[in-house]
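Take these sequences, add in the hints, and give me the full structure.
Residue numbers 1434 to 1990, in our numbering, belong to the letters of the first sequence in order.
Where hints are given, some of them may not hold.
When the alpha-carbon atoms are kept at most 25 Å apart in a straight line, the in silico BS3-like pairs for lysine-lysine are as follows [to be verified]:
no.: 1; residue 1: Lys1789; residue 2: Lys1860
no.: 2; residue 1: Lys1986; residue 2: Lys1835
no.: 3; residue 1: Lys1508; residue 2: Lys1639
no.: 4; residue 1: Lys1610; residue 2: Lys1550
no.: 5; residue 1: Lys1785; residue 2: Lys1860
no.: 6; residue 1: Lys1596; residue 2: Lys1552
no.: 7; residue 1: Lys1518; residue 2: Lys1965
no.: 8; residue 1: Lys1496; residue 2: Lys1458
no.: 9; residue 1: Lys1837; residue 2: Lys1508
no.: 10; residue 1: Lys1508; residue 2: Lys1705
no.: 11; residue 1: Lys1901; residue 2: Lys1835
no.: 12; residue 1: Lys1933; residue 2: Lys1901
no.: 13; residue 1: Lys1496; residue 2: Lys1518
None of these hints come from the bench; they were simulated from the model.
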Amino acid sequence: MDDDRENYPVNFIRHIMERDVASSKNGGSIVTRFPPEPNGFLHIGHAKAICLSFGLAKEFGGKTNLRFDDTNPLKESVEFVNAIKADISWLGFEWDEERYASDYFDELYDLAESLIKNKKAYVDSLDAKDIRKYRGTLTEVGRDSPFRDRSIEENLLLFRRMKAGEFADGEQVLRLKIDMASPNMNMRDPTIYRIRHASHHQTGDKWCIYPLYDYTHCLSDSLEGITHSLCDLSFEDHRPLYDWVLDELCMVSHPQQIEFSRLNLQYTLMSKRKIKQLVDLSIVDGWDDPRLPTIAGLRRRGYTPRSIRDFCRRIGVTKSDNNVELAVLESCIRNDLDRNAPRVMGIMNPLKIVIKNLPKDCVEVLDAPNHPKDEMMGHRKLHFTREIFIDRDDFREEANRKYKRLVAGAEVRLRYGYVIRAEEVIKDNNDHILELRCTYDPDTLGKNPEGRKVRGVIHWVSATEGLKAQIRLFEPLFNIDNPDLSEVDNLGVVNPDSIKVYEGVVEESLSAAVIGQSFQFEREGYFCIDSKLSAPEKLVFNRVVSLRDSWAKIEKN
RNA sequence: UGGGGUGUCGCCAAGUUGGUAAGGCACAAGGUUUUGAUCCUUGCAUGCGCAGGUUCGAGUCCUGCCACCCCAGCCA
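Shown next as structure tokens:
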């Protein structure tokens, strides 16, 4: 994985693994797994889990399986399976084996029968509503189902009939017989099989009963010889059940479940269910909308795998609630792209400039390095012509000395080019500036004029040689830092200005740009070609992130 | 008023068996600079949810509080 030299920083899970390896638990080996349900796209919260499970295993010379937790055919599809695989690979991780919980359906079924035979499971004929009633509440104990004490024979028969398709959906379930009075709701005879006459993306129509998570997950882990099963804090309450199932079934391999807190990122939503809502309601343009924290969205936005891995490393792993600032993510991508992105010039709000003392058909070729500190990145040609564009923000009719750009009657340097002076401001009847007439000083290429100090340097693009391009800027999708709201409410906190589109111009060298490449538009930020919307005739750029902007801070005060 | 967790700088987060609070991001002030970028330097918790206690010494041990998060799917 190229240049992530650093190992994962210290965290409590690593300490556990270090201890286990030192004491030769599990023969000193580390085997982890990443278990996504293929019912949506992966997001950066999953990236945290991926970096952890894959990263730690790799560090200890262990293995990591990719296992699809595909026990709910109603919500899952191969499209999601493929998207998930693509995202993990793109992030830079390789799984040892590709598995599916559905690979174990036969074994799971046999194990369930043995549970029945040991009087540890029973078929309940209560409907969902009644099961809920009998379960009790957080403060009241539950009551036993009237079907709890059926004979082994009856249970076996019923369970086999469930499997054979003799019942309709919801008519019967198989439950574990644990303790309806347990203070832990998960232990109140959890359901482990339900009837679903639905075809499954992996097993087709072979089954009409499907096992549930609590029963499936621990056994899948065990069957695969997982040593450390990492998951988020919401499963902490499920650990007694995880252990109960493995113990009752006398499984040889008993993985250790370890929970850590899930990632929360400010101004964004980190729930697959809620992201799906945004997609379904067309609030965003699909799962890979650049404003989404999905891996696909981040990729389209221009985030690199390396920057995401760096982010996961920086945020750490604990059990405490967190709400990480966007600034951390932005720092990671700036850090990567500053080193690796070639520099170019692009204008979002073009303002035309005519260089009066340059002949009409003159095209002077200028040389520009692609990176200020990395000669290896080479050089490119720029074309200096009589008509050029600068950004409207880089000109003011009057300004104090703090303003280091072009001011009427004063000088500024064109990046990699000459010093120009603004001589005339051409306006329309509404006082709107149409263009600027300037002169350039031919004696200032690569050297400063004598006796005068130039205010600053601005970027520019040839009006005749440059390329038109659409430039898209993004802001957070939400205007509050923890948009953890109910489905109805969250529409009220959607930022209406989360995307801004500009019709701009970029330098001609960008005609060779391809999807996946990132550039720094000097003085503006980092940009990449939009993988969906851009075409050779009509370039579309997404801004990954702006450059740090201390001028904006100064100007505010 | 059930059970399970968590509380160290604005946001993350290190803190081995108690020995006198890492680091990152952000922020601030300087320096370099043909990107107001990068880079470099410096600063940034007498205090670790609160209150007591033990101890020569406590973020680390004890007691009691408080706050926040998760759990009542035939979702994962």
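Each hint tested on the structure:
1. Lys1789 <-> Lys1860: With Cα atoms ~17 Å apart, lysine 1789 and lysine 1860 stay inside 25 Å; holds.
2. Lys1986 <-> Lys1835: holds, 13 Å
3. Lys1508 <-> Lys1639: holds, 17 Å
4. Lys1610 <-> Lys1550: Distance of about 12 Å is within 25 Å: holds.
5. Lys1785 <-> Lys1860: Since the Cα atoms of lysine 1785 and lysine 1860 sit roughly 12 Å apart, the hinted pair holds (cutoff 25 Å).
6. Lys1596 <-> Lys1552: holds, 19 Å
7. Lys1518 <-> Lys1965: Roughly 20 Å separates the two Cα atoms, so the pair holds.
8. Lys1496 <-> Lys1458: Satisfied, since the Cα-Cα distance of roughly 16 Å is no more than 25 Å.
9. Lys1837 <-> Lys1508: violated, 57 Å
10. Lys1508 <-> Lys1705: With a Cα-Cα distance of about 12 Å, the restraint between lysine 1508 and lysine 1705 holds, given a limit of 25 Å.
11. Lys1901 <-> Lys1835: violated, 32 Å
12. Lys1933 <-> Lys1901: holds, 17 Å
13. Lys1496 <-> Lys1518: Distance of about 17 Å is within 25 Å: holds.
The structure does not agree with the numbered hints 9, 11 stated previously, though it agrees with the rest.
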